[in-house]
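Asker: Sequences and hints are given; from them, build the entire structure.
Residues per chain, in single letters:
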Amino acid sequence: EPEVTQTPSHQVTQMGQEVILRCVPISNHLYFYWYRQILGQKVEFLVSFYNNEISEKSEIFDDQFSVERPDGSNFTLKIRSTKLEDSAMYFCASAYLGAKRETQYFGPGTRLLVL
Amino acid sequence: GDSVTQMEGPVTLSEEAFLTINCTYTATGYPSLFWYVQYPGEGLQLLLKATKADDKGSNKGFEATYRKETTSFHLEKGSVQVSDSAVYFCALRTQGGSEKLVFGKGTKLTVNP
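Line order of the protein sequences matches chains Y and G. For what it's worth, my numbering labels the leading residue of the first sequence as 111, then goes sequentially. For what it's worth, my numbering labels the leading residue of the second sequence as 124, then goes sequentially.
Hint data in this document are derived by calculation from the structure and do not stem from the laboratory. Each hint can be trusted.
Restricting the straight-line Cα-Cα distance to at most 25 Å, the calculated cross-link-like pairs of lysine to any residue (SDA-like) are: (1) Y:K152 with G:Y162; (2) Y:K152 with G:T143; (3) Y:K188 with Y:F171; (4) Y:K152 with Y:S176; (5) Y:K167 with G:T128; (6) Y:K167 with G:G152; (7) G:K179 with G:K228; (8) Y:K188 with Y:S165; (9) Y:K152 with G:M130; (10) G:K179 with G:G219; (11) Y:K152 with G:V234; (12) G:K228 with Y:E169; (13) G:K175 with G:R190; (14) G:K172 with G:H197; (15) Y:K152 with G:N145; (16) G:K175 with Y:E154; (17) G:K231 with Y:E154; (18) Y:K167 with Y:L207; (19) G:K231 with Y:P218; (20) G:K172 with G:S206; (21) Y:K152 with G:T151; (22) Y:K188 with Y:T123; (23) G:K179 with G:G201; (24) Y:K152 with G:Y148; (25) Y:K152 with G:S208; (26) Y:K152 with G:T233; (27) Y:K152 with G:K172; (28) G:K228 with G:T188; (29) G:K179 with G:T193; (30) Y:K152 with Y:V134; (31) Y:K152 with Y:T117; (32) G:K183 with G:S195; (33) Y:K188 with G:E165; (34) G:K179 with Y:Y206; (35) G:K191 with G:G124; (36) G:K183 with Y:I136; (37) G:K172 with G:Y153; (38) G:K183 with Y:E113.
Answerer: See the structure below:
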C-alpha cells in the first residue's frame, strides 16, 4: 500500500541553524500539508500546498518557514533560523483530489530538537 | 475559529473493556469529522470518518456517530484489545480553502492484558 515517507526521523540542531525536513507524498496525490505537534500539545496545521503554490498557511508559518516541491516526488519544509520553540514533531500529509481529498495520509513524522 | 476538544488522557483499560473517548467540536458550517490513530513509532492513520450529521463511521470494531445537535463525535469500542494501545486523535476538516485538519490534543490509550 502506498505511504507517505519522511526523512530524517530525528534531527537535532543548534538554535539559529537551518533545517530541511523532507517528505515523499503518495505519488498521485496533488495536495500536500505540513503539521506539527509540540510535545504534549495539539497537532497544528502549518501550511498547505497545491499546484506549486501555498494555498493556505497558519500564523505559525512566518517568514522563517518555506516549502518547496523541487521535483516530482519530494516536498520539503525549510526552517531558516531555528528557535528553541521550533522543537516539535513535524508531520507531512498528502491527499488526492475531489471527494477523496478529505482523506489526508500522514507520514511517520520527523522529531526536531533545537538546542 | 474551528476547534476540537478531546477527552484528556491517559486512559488505561483491561482487555475486553468498553472504550469511550469523548470528542466535541466547534465549527462554522458542516465539517467532516475524523478519528486518527497513532501507534508507537508510526504516523497518523485514519481510523474512521463521517461526513454529515447522523453518519456513523466504523472500522476495526471502533465506531463514532456524527451528532450535530451535541456537536460531538465520540469514539467507542465494545471490547478493546492490547493491540489497540495507541494515541487517538479527533479531528475536523474545515470547509473551503485548503480544507485543513484541526485536531484535538490526542488521548493515549493503554490496554493491559
